[in-house]
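Asks: Construct the entire structure; sequences and hints are all you get.
Chains as they are written, first to last, in the numbering used here: chain X, 116 to 660; chain A, 116 to 660.
Some clues are possibly wrong.
[What the hints assert, rightly or not] Heads up, incomplete: computed chain A residues facing chain X, CB under 10 Å, no partners named:
id: 1; residue: Glu450
id: 2; residue: Leu505
id: 3; residue: Leu593
id: 4; residue: Arg650
Hints were generated in silico from the structure; no laboratory data involved.
Ideal Cβ positions, reconstructed from N, Cα and C, are used throughout, including at glycine.
Number of protein chains: 2
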Amino acid sequence: MSNKLKIIPLGGLGEVGKNMMAYEIDNQILVVDAGLMFPEADMIGVDYIIPDFEYLYDKSHKVAGIIITHGHEDHIGAIQHVLSRIPAPVFGTPLTLGLVEVKLARNGMASKVDLRPIQAGDCLQIGPFKVDFFHVCHSIPDAVGLGITTKAGLVVHTGDYKFDHTPVDNWPTDYAKLAELSTRGVDLLMSDSTNSERPGWTPSERVIGPAFDEAIKNAPGRVIIATFASLISRMQQVADAAIKHHRKLVFVGTSMVDNAKMARKLGYLIVPDDTLVPIDAALNLPPSQVVLMCTGSQGEPSSIIGRLSAGTNRQFDLLPNDTIILSSHPIPGNEEAVSKTINRMLRVGSNVIYDSIAPVHVSGHASQEEQKLMINLVKPNYFMPIHGELRQLRRHAALAKEIGIPQDKIIIIENGQIVELEDGKVSLGERIPGGYVIVEGSAIGEADPDVMKEREQLARSGIFVVNLSIDKYSNRLLDDPEIITRGFVSADDAETLVPAVRKRVIDVIHGGGMSVQKDIVDVVRTFIFNETKRRPMVFVTITKA
Amino acid sequence: MSNKLKIIPLGGLGEVGKNMMAYEIDNQILVVDAGLMFPEADMIGVDYIIPDFEYLYDKSHKVAGIIITHGHEDHIGAIQHVLSRIPAPVFGTPLTLGLVEVKLARNGMASKVDLRPIQAGDCLQIGPFKVDFFHVCHSIPDAVGLGITTKAGLVVHTGDYKFDHTPVDNWPTDYAKLAELSTRGVDLLMSDSTNSERPGWTPSERVIGPAFDEAIKNAPGRVIIATFASLISRMQQVADAAIKHHRKLVFVGTSMVDNAKMARKLGYLIVPDDTLVPIDAALNLPPSQVVLMCTGSQGEPSSIIGRLSAGTNRQFDLLPNDTIILSSHPIPGNEEAVSKTINRMLRVGSNVIYDSIAPVHVSGHASQEEQKLMINLVKPNYFMPIHGELRQLRRHAALAKEIGIPQDKIIIIENGQIVELEDGKVSLGERIPGGYVIVEGSAIGEADPDVMKEREQLARSGIFVVNLSIDKYSNRLLDDPEIITRGFVSADDAETLVPAVRKRVIDVIHGGGMSVQKDIVDVVRTFIFNETKRRPMVFVTITKA
Numbered sequence: 116m117s118n119k120l121k122i123i124p125l126g127g128l129g130e131v132g133k134n135m136m137a138y139e140i141d142n143q144i145l146v147v148d149a150g151l152m153f154p155e156a157d158m159i160g161v162d163y164i165i166p167d168f169e170y171l172y173d174k175s176h177k178v179a180g181i182i183i184t185h186g187h188e189d190h191i192g193a194i195q196h197v198l199s200r201i202p203a204p205v206f207g208t209p210l211t212l213g214l215v216e217v218k219l220a221r222n223g224m225a226s227k228v229d230l231r232p233i234q235a236g237d238c239l240q241i242g243p244f245k246v247d248f249f250h251v252c253h254s255i256p257d258a259v260g261l262g263i264t265t266k267a268g269l270v271v272h273t274g275d276y277k278f279d280h281t282p283v284d285n286w287p288t289d290y291a292k293l294a295e296l297s298t299r300g301v302d303l304l305m306s307d308s309t310n311s312e313r314p315g316w317t318p319s320e321r322v323i324g325p326a327f328d329e330a331i332k333n334a335p336g337r338v339i340i341a342t343f344a345s346l347i348s349r350m351q352q353v354a355d356a357a358i359k360h361h362r363k364l365v366f367v368g369t370s371m372v373d374n375a376k377m378a379r380k381l382g383y384l385i386v387p388d389d390t391l392v393p394i395d396a397a398l399n400l401p402p403s404q405v406v407l408m409c410t411g412s413q414g415e416p417s418s419i420i421g422r423l424s425a426g427t428n429r430q431f432d433l434l435p436n437d438t439i440i441l442s443s444h445p446i447p448g449n450e451e452a453v454s455k456t457i458n459r460m461l462r463v464g465s466n467v468i469y470d471s472i473a474p475v476h477v478s479g480h481a482s483q484e485e486q487k488l489m490i491n492l493v494k495p496n497y498f499m500p501i502h503g504e505l506r507q508l509r510r511h512a513a514l515a516k517e518i519g520i521p522q523d524k525i526i527i528i529e530n531g532q533i534v535e536l537e538d539g540k541v542s543l544g545e546r547i548p549g550g551y552v553i554v555e556g557s558a559i560g561e562a563d564p565d566v567m568k569e570r571e572q573l574a575r576s577g578i579f580v581v582n583l584s585i586d587k588y589s590n591r592l593l594d595d596p597e598i599i600t601r602g603f604v605s606a607d608d609a610e611t612l613v614p615a616v617r618k619r620v621i622d623v624i625h626g627g628g629m630s631v632q633k634d635i636v637d638v639v640r641t642f643i644f645n646e647t648k649r650r651p652m653v654f655v656t657i658t659k660a
Numbered sequence: 116m117s118n119k120l121k122i123i124p125l126g127g128l129g130e131v132g133k134n135m136m137a138y139e140i141d142n143q144i145l146v147v148d149a150g151l152m153f154p155e156a157d158m159i160g161v162d163y164i165i166p167d168f169e170y171l172y173d174k175s176h177k178v179a180g181i182i183i184t185h186g187h188e189d190h191i192g193a194i195q196h197v198l199s200r201i202p203a204p205v206f207g208t209p210l211t212l213g214l215v216e217v218k219l220a221r222n223g224m225a226s227k228v229d230l231r232p233i234q235a236g237d238c239l240q241i242g243p244f245k246v247d248f249f250h251v252c253h254s255i256p257d258a259v260g261l262g263i264t265t266k267a268g269l270v271v272h273t274g275d276y277k278f279d280h281t282p283v284d285n286w287p288t289d290y291a292k293l294a295e296l297s298t299r300g301v302d303l304l305m306s307d308s309t310n311s312e313r314p315g316w317t318p319s320e321r322v323i324g325p326a327f328d329e330a331i332k333n334a335p336g337r338v339i340i341a342t343f344a345s346l347i348s349r350m351q352q353v354a355d356a357a358i359k360h361h362r363k364l365v366f367v368g369t370s371m372v373d374n375a376k377m378a379r380k381l382g383y384l385i386v387p388d389d390t391l392v393p394i395d396a397a398l399n400l401p402p403s404q405v406v407l408m409c410t411g412s413q414g415e416p417s418s419i420i421g422r423l424s425a426g427t428n429r430q431f432d433l434l435p436n437d438t439i440i441l442s443s444h445p446i447p448g449n450e451e452a453v454s455k456t457i458n459r460m461l462r463v464g465s466n467v468i469y470d471s472i473a474p475v476h477v478s479g480h481a482s483q484e485e486q487k488l489m490i491n492l493v494k495p496n497y498f499m500p501i502h503g504e505l506r507q508l509r510r511h512a513a514l515a516k517e518i519g520i521p522q523d524k525i526i527i528i529e530n531g532q533i534v535e536l537e538d539g540k541v542s543l544g545e546r547i548p549g550g551y552v553i554v555e556g557s558a559i560g561e562a563d564p565d566v567m568k569e570r571e572q573l574a575r576s577g578i579f580v581v582n583l584s585i586d587k588y589s590n591r592l593l594d595d596p597e598i599i600t601r602g603f604v605s606a607d608d609a610e611t612l613v614p615a616v617r618k619r620v621i622d623v624i625h626g627g628g629m630s631v632q633k634d635i636v637d638v639v640r641t642f643i644f645n646e647t648k649r650r651p652m653v654f655v656t657i658t659k660a
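Replies: What follows is the structure in structure tokens.
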């Protein structure tokens, strides 16, 4: 048997090891996380993205277990896809498994899955992997990091974390366990790089409480708080502030309602029954007695906040006296959508509070000083930044070097680059694809660059279809050319352009020079470009009869 | 004659009065700025956007002059469009007019235009408008704000500004003139709101010098600095650092080269001849003796940095020893593109320095403390925040209220809302469209929401065209249906899907039930959705022969 541990960042969009990783030794595999990503701006038409875990397809019988570090979408969102290929037991804390269960239930898979609750502090043998689960603070309760011991040595995988001294659930990151792991000798630390460009220390979740308190105290009407559906601790803070100011609380939207219900059942969210009211009841209360909590803090058009800002929500509309709190920070790429949403709500006359006005959101990830603390607590021999794009990994590596990790013990990799640990030495192994797979309707597959390019071209200038019916003997037109155009010019402009193109095509065919489809395409393309300086996709179909 | 001054924020995307404003009294008009905007994410296929100034179309003979406050694109970029409708004299400082001239020359209009240089400090009578030009600091030299005196009173229009105590050109904002205007009694202050969400004071341009110095000193190979082509003061800072470290400087790209040439000619950019080399010469020098300055700091794919990062630049490629400095901050909406560009360059092995690593960029706009200083210096009776979206205007208004401007003397408007000043009283006037106009190829016109929607739909799932030839007597197919699809499924998937659709169409027509085009569209659409859960645009063309 080999003493070699393979560490495999399976795939994803750009953040290394963020959504899914695997550990392999003695022909057995431990999977960590199974998350999804949202498409980038140029991935037109894509619903969401999951890691490419093809590496595991023919090894599914070797997978001893799947550990989920916490319940955010980017760590659990691909679980139904992973489990349908790899029917292994899933390990996680009760809240994490609760969120996994809600998701599986929506996909009709809840009953078929072997969920095994663990607690932070547990030490579990999963095949050849001895796993120490240690508690970490994050923007969701019950998150864990992992100490993974095998014959090859001890590896620490932080997961998403911050060092919050005053977390909402009063449960700080487990310094003692980290220190204890360090006394055993950590061969390799893999640590969350998300905020490696942020100096200092990320503020405590606790600072949000007074901001909510102040906003709700001063609100003349309803308070509508938007955040992610999985931010259970944010729900607790909103509930506490609602109770303090004698308001009723409503969760709006399926994912919010389902997650709140599950979190209350498991004891992660404490709200008295008489504080919670359903939405219809809330809409009949005086506005000053109501707090609504919903999704849409990223300006998603189909979310409740998106619909409210556009005036297209079914159940209720925004009012000038409403106070809306966006309790999140725009995810890169969403800045424009969030800004538009804020402007639209201000236009109604509502008061909008967001993170540059009051501390209604803090990050769930460690900043530079915390990242250094993690390295100094764990004292690893090797350091590998994970959970970040190359720019964040480089910054994290620079911090590690600053505090004394030698350059040759720092490893920066991209998804798909296998890293090997053997006899206390870390080296680079095989390279596997490590990309991602797109989910589009019922299709799951590789992004086809040709298809994406065609979509971009279609989007840029639209289409122009010419349908010709030609006498097969005389090569003369049997009918006027039929022309269809979409996404190209306005109906008004089409009224002059379309007859002009039609006339040009007729002239050319009558002239007798054109018998080949391609020639007509060229004529139409050139004519349109000369007239408009634009290049729609041109199609010519010819029926010979 | 009326004593009423109309203040008209003509149009734009969302920032009030940013790109173009007009002042009207006694049947005469003064235009301030003529800038362009870049399209938002959902304006697919649009090249750029200009203000809707239809209000001026039938009043062009009344326009006494066009003042350009400074030479950035969002203030000069629409000048050729405006001048082709309104042939009025253009007033600006020498650098501003130099940049206007470069732009007009590119559009073949340089000789036809009446350009009238002014200097900060000048007081000019332009029709019924007495204009005091006062110097302001900004991220370009030679920017001015305006004191506009008419029979109706005195209005101060700041333009883009910051209060920099140590600007690169040693010319601070003109405090004395602002104070002097205040002693005359300012009826209305209109002030730049861009950074109203930023607490404190914007750092001086001067802090960039040491950051450049340090980066160039430590660079083992070439240094490539990317910024906007109009940032003349940034050019000076780069030139100074290049000289200090005995490197040659190259400007790369037409707009950089043209602007640098003009700025040197006018004395705004001081670089000795022997420091500047052309690009071919630079590429033959040892890398450690070269600094290149180019565009592309916003990750634009067609810019030099964009092409370098993608490996598609013609003249030269990135090298692992290169140091790239992105001397700008991502404009909202560009964050994702900038981040991708950084990652791509890091992947080559180059060193990339951007604003979260070192102070290689500062904003050109006043932060909250400066905005308050402006209000306290000018002591206006009325205050109207301009140059910002609603969210920034609201914040700016809140600052004004904090320092004592009464709520009923603060006016927040959107583009197209005319404001009137008469006998020292400000009130709302008529509402004009105040929107924007898109420029697409040779077309200039309103954005057609139907066309935009079609483009989005085309982009989301592509197209599916079915061409049928049918015997007009028997209604039977004369030939196999021809099928064209683009942007929908990969070539592999099309191989199974297209024959299935074809078979379905043949079955339906042979079944005899379908004679109407719309029915066949429905059948194809339903079949495709059931198979793929997606909705491409479906077109069916039928030729009967």
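Asks: Evaluate each hint against the coordinates.
Replies: Hints and how they fare:
1. Hint on A:Glu450 holds. Least Cβ distance to chain X is approximately 5 Å, under the 10 Å limit.
2. Hint on A:Leu505 holds. Least Cβ distance to chain X is approximately 4 Å, under the 10 Å limit.
3. Checking A:Leu593 against chain X: minimum C-beta separation of about 6 Å stays under 10 Å; hint holds.
4. With 10 Å as the threshold, the beta carbon of A:Arg650 comes within range of chain X, its nearest partner Cβ sitting at about 8 Å, so the hint holds.
Violated hints are absent here; each numbered hint is respected by the structure.
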